[in-house]
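K.L.:
Here's the letter readout for the chains.
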Amino acid sequence: MPVLWLVLIVATLALGGFFAGRRRALSDAGGDHRRLHSLPAYYGWNAALKVAVPAAGVLTVWLLAQPLVVGLVVVGDLPQDVVTEGSSMDLVMSEVRRTVSGLEGAVAAGVMSPEEARSPLLDAQRISEALREAGQIVSGQLPQPVISAAQQMRQLDNAGDWLMSGAALAAALAGLLWALRETGAAFRARNAVENGLRAVLVAAASLAVLTTLGIVLSLIFNTVEFFRIYPASEFFGSLTWSPSFGGRSELGIWPLLWGTLYISLIALIVAVPIGLFAAIYLSEYASRRVRSVVKPLLEVLAGIPTIVYGLFALLTVGPLLMEVFGNEGLGWMRSGTAVMTAGLVMGIMLIPFVSSLSDDIINAVPQSLRDGSYGLGATQSETIRKVILPAALPGIVGAILLATSRAIGETMIVVLGAGAAARLSLNPFDAMTTITAKIVSQLTGDADFSSPEALVAFALGMTLFVITLALNIVALVVVRKYREQYE
Amino acid sequence: MTDASTNSAPAARKGASLHRTDPRTRRRNGAERRFRLYGAAAISMGLLFLCVLAVSIIRSGAPAFTHAVVEVEFTLSEAQFEEAESQLLKTAVYERYFNAALTAQLRDAGFDVAFDENTIRRIIGKTGGTIRSYYRADPDRVGESVTLDLPVSSRVNGYIKGRVTRENLLDSRFLTQADLDLVDAMRDRGLIETKFNWGFLTGKDSGVDNPGGAGIGASVVGSFFMMLVVLVLSLPIGVAASIYLEEFAPRNWFTDMIEVNISNLAAVPSIVFGILGLAVFIQFMHLPQSAPLVGGLVLTLMTLPTIIISTRASLKAVPPSIRDAALGVGASKMQSVFHHVLPLAMPGILTGTIIGLAQALGETAPLLLIGMVGFVARQYPDGVVDGFLDPNSAMPAQIYTWASRADPAFYEKAWGGIIVLLVFLLAMNIVAIILRRRFERRW
Amino acid sequence: MKVIDMYDAPHTGRTVTSNDIKISARNVNVFYGDNHAIKDVSVDIEDKMVTAFIGPSGCGKSTFLRCLNRMNDTIESSRIEGTICIDDEDIYDRRVDPVQLRAKVGMVFQKPNPFPKSIYDNVAYGPKIHGMARNKAELDEIVEKALRRGAIWDEVKDRLHAPGTGLSGGQQQRLCIARAVATEPEVLLMDEPCSALDPIATAQVEELIDELRQDYSVVIVTHSMQQAARVSQKTAFFHLGNLVEYGETGKIFTNPEDSRTEAYITGRIG
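Protein chains in written order, with the working numbering: chain A, 1 to 487; chain B, 1 to 443; chain C, 1 to 270.
To be clear, the hints were calculated from the coordinates, so they are not data collected in a lab. Ideal placement from N, C-alpha and C gives every residue a C-beta, glycine not left out. A hint or two may mislead.
[As the list claims (entries may be wrong)] Quick partial rundown of chain C residues pointing at chain B, CB under 8 Å, derived from the structure:
(1) Asp20
(2) Asp97
(3) Pro116
[Claimed, not checked] Once the Cα atoms are required to be at most 30 Å apart in a straight line, the calculated DSSO-like pairs of lysine-lysine come out as:
(4) C:Lys111 / A:Lys386
(5) C:Lys136 / C:Lys157
(6) C:Lys145 / A:Lys386
(7) A:Lys295 / B:Lys316
(8) C:Lys111 / C:Lys39
(9) C:Lys136 / A:Lys386
(10) C:Lys117 / A:Lys386
(11) B:Lys333 / B:Lys316
(12) A:Lys386 / C:Lys157
(13) C:Lys39 / C:Lys251
(14) A:Lys481 / C:Lys117
(15) C:Lys111 / A:Lys481
Taking the hints into account, I'd like the entire structure generated from these sequences.
P.N.:
Structure below.
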């Protein structure tokens, strides 16, 4: 774990810097800390920060950049003919990486000497042997260029690691020197530390932007990759979803989108009336005591992990529906996993979302409007239906949009409760599948990440992200506008 | 909201007595009562769902915590031990000894049911390995009379718990009607007893053919390491981000962008974070698959918006007069925040963090994409570093793994796992509530 | 607008004079939880006359006003003792439906509170829920009449379907008055109707109140003594939950009997 050691060394340097900076400032002031510009500890912090931050920066950037650079170099040196028919550079590169980790494992297990692993005479025979001896899985015969590429990659990685350690330590030491040189009684250490701290705070806040960027980039890159090997027109135009890892897959999004929307619709049909009426009752009718008991109880439904709902759908609701609608009953349902099962359970999950958001929104309607209505002789329900709900409508629409986005993005309930068959059907008792369920099924297991069957998951993820993002933004804007109206 | 009232007769109200309710008012009051009833019905529905959920979890999950064991008195002589160890197929010898001992014991108890060694094997399973490791672990027991508690096979376990009934049992090489006669007889004589299954709490995942041996312990450890990562990363980063946004950030496009990003990330589906983790941490940075470290990183990114939102609310709740007071005695802005505002907001921040962690603990979907699913919780990690980097599962992912296996005996384990998970969540929420009650300040 | 004879109902066999007692309160006590807000208040309010409730803030005048149409019922912790009769019928009787009562006793609030609907719908709301119109044409007529009665018709007749919240403060308050009279109440309660308005709008509303006197018994709560003097015929002075003095407005302001009243109108308490 060289990185761990590096981190520990830098941390020790920072600690040393703290004491050194402090001592230096104090000695400059003749031991009288009242003559310092800032409290003594600030001089220490200044030095510690100047050791740790540049080193951490170098480390992070290097760790991110090295695999990229090494990969590019190795790809550039590979002869073009290693990419055979039906393969791609990505496939070759993943083979190279596997070989690298195999060699590492073999060296670590002691079945191969480090010299031998580096030797240009190393051939596929010997590697397979060594790997088997080290208890690793070997598949097929490795072509010689792959072996040399793997050796080159190991070498580059190794060199990179050393360079990284050197660069990080140099940065740390430079920071230490800088801090110690500027330290003196008149140095404004507090301002320097506070500026540094502020930079750290900004960096933390920017992580949200980085996360979004990471999501968008990882979706876009892989989606573009997918559309390079699979026509976008078929993805958005085909009505069939039948992936087969042997090739000739049909990957049309419509059956998945239909399943997603159908299940969400059923979930909303369950959740919106119940949630809305619950919110109305809690905010307008319930006494304070009832409210203080019932509101948290309903919110428990929102705190339950979705895996629990998934299991509830699969093992309780599904069989229950089968008894009524299955072959023993009405005969509409063939198996326990169906749109109805997933929709019902998801609806239960969404009740507290709708109810607490609507409750907040109804409470934001000013009391003067209620008074105005009561003063005209309206009953409570007339006031609610004709004054409060119309006034709260934009906010409630926002709440429902948020619930919709939640339903569309929900995964575990549909993975366990909705079935796996992609079909375009109107029967809510049929098994169907959704975008999220297919993302899971295409990306779990040992699928090759460069095949269209795996990459399609990123295109699905992109679709999901765009849909939910649009819903969220519209909902947020609507709700914010609504709140401003009554502020 | 249509209103038919414009068509009904105008009320002859003028001068009418207030002490007589007119028909229209009566009708309106009826509508009022109905409306109120709908509200009450909606609430009851919600609570009913909660009850059904709770009952079905407890009823289906409780059996996972018990298992039926056969209590056998058994003595292994020195000679037998020597002989068994000298053979090639050692466990088979132990099994033979054991079966002979059990058969004798049953005969003594006066069983008049026909049984042979295969029957016993079907009921208890392969006992040789268990017995051998028992004696090899503590050779002093050789020659002593000991009472062994051996768990019955999963099908017999199912029969005893009522999951398998005689009606739906077809004679097979796994279990026959005659075996069940023997099981019933053994239960009558107290040779089979139901005991608390510690193995479920401390055990590891088992292969698909051994539902009885599956335990959740290893994935609890996986969850623990993940939560450690989440806590260590998301609390400082979340607090730092909130302090910046709440106390220092100028109103400009960059701040606005951060704000919009945070509120959006809070509503992005969790599976998308899984895709991010797969693409960035595993494909791009080549971190190990199925590692709690990666799971923790993904969940950190997911939890951050929650923590930031609640932390900002707590910071906002500290009245500006406190800041003014600190600035007034010559503290810098940074000092006023770190010396005064942050400590005062701390209870709220911790409450929000615990609730965020509880959410992360129950999250499943992103973990599936980074490979924490399937038969991965095979062993406990050897050390702290391995705890972060070795493939492991987490509680919800382990539950999903069990739920997707074909053998219904695993469903029981899944429900049991849910009880364990919910106990953890409940504990975290109770801690959060206590923190809030104890330290909450009203300004 | 035709003045409707309110006392032709057969079941009230009383002689009717022009200044009949419309509301009579006897020994009214109001509690909010442990807070004794109104202490043993008895008062008779006459028909077709403006009665003003004055007093320092927190004296209970608004609370008492809200008792007259049972608006206090909507507050959970409130409790009332004593009797309040309108046309000799106890409004706190078990048989009384507050909904029916409030149709008979309209109310205008301190802050203009138009519903976030069109001007038309604001006014039509009351008539609709009480089923006063047989068809759209009748409803239109009621709305127009009410808006004219509220002295705002000319200003809004061209934009009846614009939102009521888009009007100016004074217009909004007159819209609320129009909304209240649209249900043809017999008593009109006004809770500091001008406190949120500028002087010009206040003058318009005061003028309107004076006109409304012809048809309704108007009870107005105000913290402005000048306003009370301008619009009311009778004035009641409340202090710390007690009704201190009640009588002709002129007399209260020129020759009060109670020293507290005198102290208030000369500005020494309040």
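K.L.:
Is the straight-line distance between the alpha-carbon of lysine 145 of chain C and that of lysine 386 of chain A 30 Å or less?
P.N.:
23 Å, holds
K.L.:
Is lysine 295 of chain A within 30 Å of lysine 316 of chain B, Cα to Cα?
P.N.:
Status holds; Cα separation ~25 Å.
K.L.:
Does aspartate 97 of chain C meet its interface restraint, that is, does its C-beta lie within less than 8 Å of any C-beta in chain B?
P.N.:
Status holds, d = 5 Å.
K.L.:
Close enough to count: is the Cβ of proline 116 of chain C nearer than 8 Å to one in chain B?
P.N.:
Since the shortest Cβ distance to chain B is 14 Å, the answer is violated.
K.L.:
CA of lysine 117 of chain C to CA of lysine 386 of chain A, is that 30 Å or under?
P.N.:
10 Å, holds
K.L.:
Does aspartate 20 of chain C meet its interface restraint, that is, does its C-beta lie within less than 8 Å of any C-beta in chain B?
P.N.:
13 Å, violated
K.L.:
Taken at face value, is the distance from the CA of lysine 117 of chain C to the CA of lysine 481 of chain A at most 30 Å?
P.N.:
Between lysine 481 of chain A and lysine 117 of chain C the Cα gap is close to 17 Å, so the pair holds against 30 Å.
K.L.:
Would the hint linking lysine 111 of chain C and lysine 481 of chain A be met if the CA-CA limit is 30 Å?
P.N.:
Distance ~23 Å between lysine 111 of chain C and lysine 481 of chain A Cα, so the pair holds.
K.L.:
Lysine 136 of chain C and lysine 157 of chain C were given as a pair; does the straight-line alpha-carbon distance stay at or below 30 Å?
P.N.:
17 Å, holds
K.L.:
For a C-alpha distance cap of 30 Å, please report whether lysine 136 of chain C and lysine 386 of chain A respect it.
P.N.:
18 Å, holds
K.L.:
Would the pair lysine 111 of chain C and lysine 386 of chain A pass a check requiring their Cα atoms to be no farther apart than 30 Å?
P.N.:
20 Å, holds
K.L.:
Need the status of pair lysine 39 of chain C, lysine 251 of chain C: alpha-carbon distance at most 30 Å?
P.N.:
24 Å, holds
In the structure shown, a violation is registered for the earlier hints numbered 1 and 3, in ascending order.
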